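K.L.:
Starting from the known structure of chain A, arrange chain B with the ligands on it as the hints suggest.
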Amino acid sequence: MTVILMPALSPTMTEGKLSRWLKNVGDTIKAGDVLAEIETDKATMEVEAVDEGTLARILVAEGTEGVAVNTPIAELAGEDGSVSVAPLPVAVAPVAAAVVAVAPAAKALPEDRDWGPSAPLTVREALRDAMAIEMRADGDVFLMGEEVAQYQGAYKISQGLLDEFGPKRVIDTPITEHGFAGMAVGAAMNGLKPIVEFMTFNFAMQAMDHIINSAAKTLYMSGGQMGCPIVFRGPNGAASRVAAQHSQCYASWYGHVPGLKVVAPWSSADAKGLLRAAIRDPNPVIFLENEILYGQTFECPTDPDFVLPIGKAKVERVGTHVTLVAFSIMVGVAMKAAEALAEQGIEAEVINLRTLRPLDIDTVVASVKKTNRIVTVEEGWPYAGIGAEVNMQVIEQCFDWLDAPPVRVHGADVPLPYAANLEKLALPQADWVVAAVRRIV
Amino acid sequence: MAQAAERAKPADKAKRAKSRGVAAKAVSNQPGLPKEQLLRGYRDMLLIRRFEEKAGQLYGMGLIGGFCHLYIGQEAVVVGIQMALGEGDEVITSYRDHGHMLATGMEARGVMAELTGREGGYSRGKGGSMHMFSKERNFFGGHGIVGAQVSLGTGLAFSNAYRGNDRVSVTYFGDGASSQGQVFESFNLAALMKLPCIYVIENNKYGMGTSVERATASHDLSQNGAPWGIPGVQVDGMDVEAMHAAAEIAVAHCRAGKGPYLLEVKTYRYRGHSMSDPARYRSREEVQKMRTERDCIEGARHRLEGLGVDEAAFKAIDDEVKRIVQDSADFAQSSPEPDPSQLWTDILVER
Ligand SMILES: Cc1ncc(C[n+]2csc(CCOP(=O)(O)OP(=O)(O)O)c2C)c(N)n1
Ligand SMILES: [Mg+2]
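Quick note, the sequences are listed as chains A and B, same order. Counting in this note's numbering, the first sequence runs from 5 upward without gaps. Counting in this note's numbering, the second sequence runs from 1169 upward without gaps.
Only chain A is shown next, with the shape it has when bound in the complex:
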């Protein structure tokens, strides 16, 4: 008897829906036969049999949601083994639904403006909606990149856009990052408003020359005649176990360059409000998303005009003892650390930078003047990193208010390893932040 387990079908999948059984109890199964369809966070996938035999029992009924990876879903009797047919579909109790990230609830400061009612939205949907709304509003906006059209996006961000806007405005490119990024910059110089999706920012290194030498510098070199209204977007940073060449945070690389704006959203509201602003911005904007956040759900304002200002940070949690400064996925880590610290009687203020260039240092300084302590949290490398910049500016502007040296929490200063245990040691965790705070509070 062979037990068939719920398979992991993507690097980030921990559970899925067993949408359909394509075989019945008693059927003969050959290797390669499609057994079932499984819905992951990204797509519906067919699961093929590896072993041969007869389908003896189905353990998870079709339609069951939240089936954890490695849960037994069926039993296969060997070719020679006796077949005890027991057609008793047992539904596995669904695991708790997708984590809803901590809403900043009572302690948060008001937004720049009160946007009224909100609804839950995934970061993935927020990004898609932002592009769709801006594309409806402006015929010069178009999306281009690898697998963005027919495949609906490698990470399903552009789902449905080809259907709505057609192949003229949602364009699949060959794997030629340097070429298509340059082409998009040229189109932007001539007044169009391209959104260039990099499958991940790791591949934007192929296009680095055009992003920096062509997009960032044209306005300056032309004495202000010719700008470059373009958005370069895609997932940045580590995903899960994809090793050194596919896991890198480029925040400080782009943050270094005058002529660029650099945005790094955390929540769905960040994603939607800031992407809309980025598309409307007359400058080149680097929009650093995070693959692990795509499937996370946050409250997002439903107001059709909802947009956020580029260059404004957000205080996600109010506190008095220490200021935690983070961006992108590390905001969640900082929030988790703040909760743990609260249990120890330490109230941390958490600032979500939202934009890395221009940096909203005023919000950070105002907070430090209150808490007198700062800890920055980033996934990237420490050397010449965002934390180094934020802390230096804090030292320049409010040295006398600091009661302790600034502290940086950051990814290990090594190429990201593949091994599960080493990867964990390389990426900042909430307890690292707690330990860092405990050193100065």
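To be clear, the hints were calculated from the coordinates, so they are not data collected in a lab. All figures in this text were calculated on a predicted structure; none of them were measured in a lab. Using N, Cα and C, we set each Cβ at its ideal position, and we do this for glycine too. There could be a bad hint or two in this list.
Derived, one-sided and incomplete: chain A residues facing chain B with beta-carbon distance under 7 angstroms [as the list claims (entries may be wrong)]:
| hint | residue |
| --- | --- |
| 1 | L13 |
| 2 | M49 |
| 3 | V54 |
| 4 | V73 |
| 5 | P178 |
| 6 | I179 |
| 7 | H182 |
| 8 | G183 |
| 9 | R245 |
| 10 | V246 |
| 11 | A247 |
| 12 | H250 |
| 13 | V418 |
| 14 | Y422 |
| 15 | L429 |
Below, simulated DSSO-like cross-link-like pairs (lysine-lysine); rule was C-alpha separation at most 27 angstroms, straight line [claimed, not checked]:
| hint | chain 1 | residue 1 | chain 2 | residue 2 |
| --- | --- | --- | --- | --- |
| 16 | A | K27 | B | K1222 |
| 17 | A | K27 | B | K1457 |
| 18 | B | K1457 | A | K34 |
| 19 | B | K1483 | B | K1222 |
| 20 | B | K1373 | A | K172 |
| 21 | B | K1490 | B | K1203 |
| 22 | A | K172 | A | K160 |
| 23 | A | K34 | B | K1222 |
| 24 | A | K34 | B | K1483 |
| 25 | A | K428 | B | K1222 |
| 26 | B | K1457 | B | K1483 |
| 27 | A | K21 | A | K34 |
| 28 | A | K340 | A | K373 |
P.N.:
What follows is chain B with the ligands alone, placed relative to chain A:
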């Protein structure tokens, strides 16, 4: 299987390594492989197939993480070419690299243990599926950035030319990668400097979900080096003998100091691009047709049967391969995770 029988006729080999344009003089009358060699090829292809199936299974069990790109369907390409190479010749490829590693003689244990991220892996767990290397077997990786290995492979050839040895290097890349700018820059450099570099485009019809027709305006990738005078031929990548015959010609060309050579190999991957690919861009029928009518392992087996190889001999190979793969899977699960101190090593050479 009439088709397989037809495919196996040795006299067709030369025709199959079809030539065009600048490649016209590159055709040989290479006969099919002798029985012993073909049997070896069959065994090597079967090892890759079974290894990849096991890797897919371990991925499903959560023992392998991240990206995992299986080579199932394409086995004849690396096996045929490797048989034409000599000791010391180098190989470099992309992230779809498990088959290449096994073909160069790297051990299944070390490859599988790298897939599970363990100390016993070729990169001690630090590289994973896409990044493995073996100095001993002259395998230079294992590269995750599409097209990057093409410039690097050109550099391997440069080092051979520089040293004046008679080694050749083989640079594998996909149909999708063939559009990258650095590929064309490499072609020019290699032709200009007459580098002993065999470029192999593994045209499996898709780069992720984009069919080759939607990715390039070039109708014949074997001619992509034509502007620089690089001879190129199309080869049936589902036929290990055709692969070997074409590779022999390419190797002879490079060893003779005549500069680079390009093989466009028509092949097919049966599985999704990576483990998380729903593969909606092609029909099940298309995949099924290739599997049943063109499979490289079935084809070789059929020809071997014609050469008098009996059931017992196949069974012996089957058993040997199964044993190696099972052993690699056991090793990959029992080998320990790397020591935490490994996080901080190998960043710079310490003197
Ligand atoms: C520079 C770069 N761009 C994009 C990617 C993402 N990506 C990985 S594989 C792939 C498709 C490559 O197709 P092909 O060259 O045909 O090779 P195959 O996977 O078919 O073996 C893409 C787009 C990448 N790894 N590197
Ligand atoms: Mg391909």
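K.L.:
Confirm or reject each hint.
P.N.:
Here is how each hint holds up against the structure:
1. L13: holds, 6 angstroms
2. M49: M49(A) check passes; min Cβ-Cβ to chain B is 5 angstroms, inside 7 angstroms.
3. V54: Holds, because the Cβ-Cβ distance from V54(A) to chain B comes to roughly 5 angstroms (cut-off 7 angstroms).
4. V73: holds, 6 angstroms
5. P178: Status holds, d = 4 angstroms.
6. I179: holds, 5 angstroms
7. H182: holds, 5 angstroms
8. G183: Given a least distance of 6 angstroms, the restraint on G183(A) holds.
9. R245: For R245(A), the interface hint holds, since the closest Cβ of chain B sits about 3 angstroms away, which is under 7 angstroms.
10. V246: holds, 4 angstroms
11. A247: Hint on A247(A): holds, closest Cβ of chain B at ~4 angstroms, below 7 angstroms.
12. H250: Hint on H250(A): holds, closest Cβ of chain B at ~6 angstroms, below 7 angstroms.
13. V418: holds, 6 angstroms
14. Y422: holds, 3 angstroms
15. L429: This interface hint holds because 5 angstroms falls under the 7 angstroms limit.
16. K27(A) - K1222(B): Holds, at about 23 angstroms.
17. K27(A) - K1457(B): holds, 22 angstroms
18. K1457(B) - K34(A): At roughly 17 angstroms apart (the allowed maximum being 27 angstroms), K34(A) and K1457(B) satisfy the hint.
19. K1483(B) - K1222(B): Cα-Cα ~19 angstroms, so holds.
20. K1373(B) - K172(A): holds, 24 angstroms
21. K1490(B) - K1203(B): Distance ~22 angstroms between K1490(B) and K1203(B) Cα, so the pair holds.
22. K172(A) - K160(A): holds, 19 angstroms
23. K34(A) - K1222(B): The hint holds at about 16 angstroms.
24. K34(A) - K1483(B): holds, 19 angstroms
25. K428(A) - K1222(B): holds, 26 angstroms
26. K1457(B) - K1483(B): Measuring from Cα to Cα gives roughly 26 angstroms; hence the hint holds.
27. K21(A) - K34(A): Answer holds: K21(A) to K34(A) is near 24 angstroms, not above 27 angstroms.
28. K340(A) - K373(A): holds, 23 angstroms
In terms of the numbered hints stated before, the structure departs from none.
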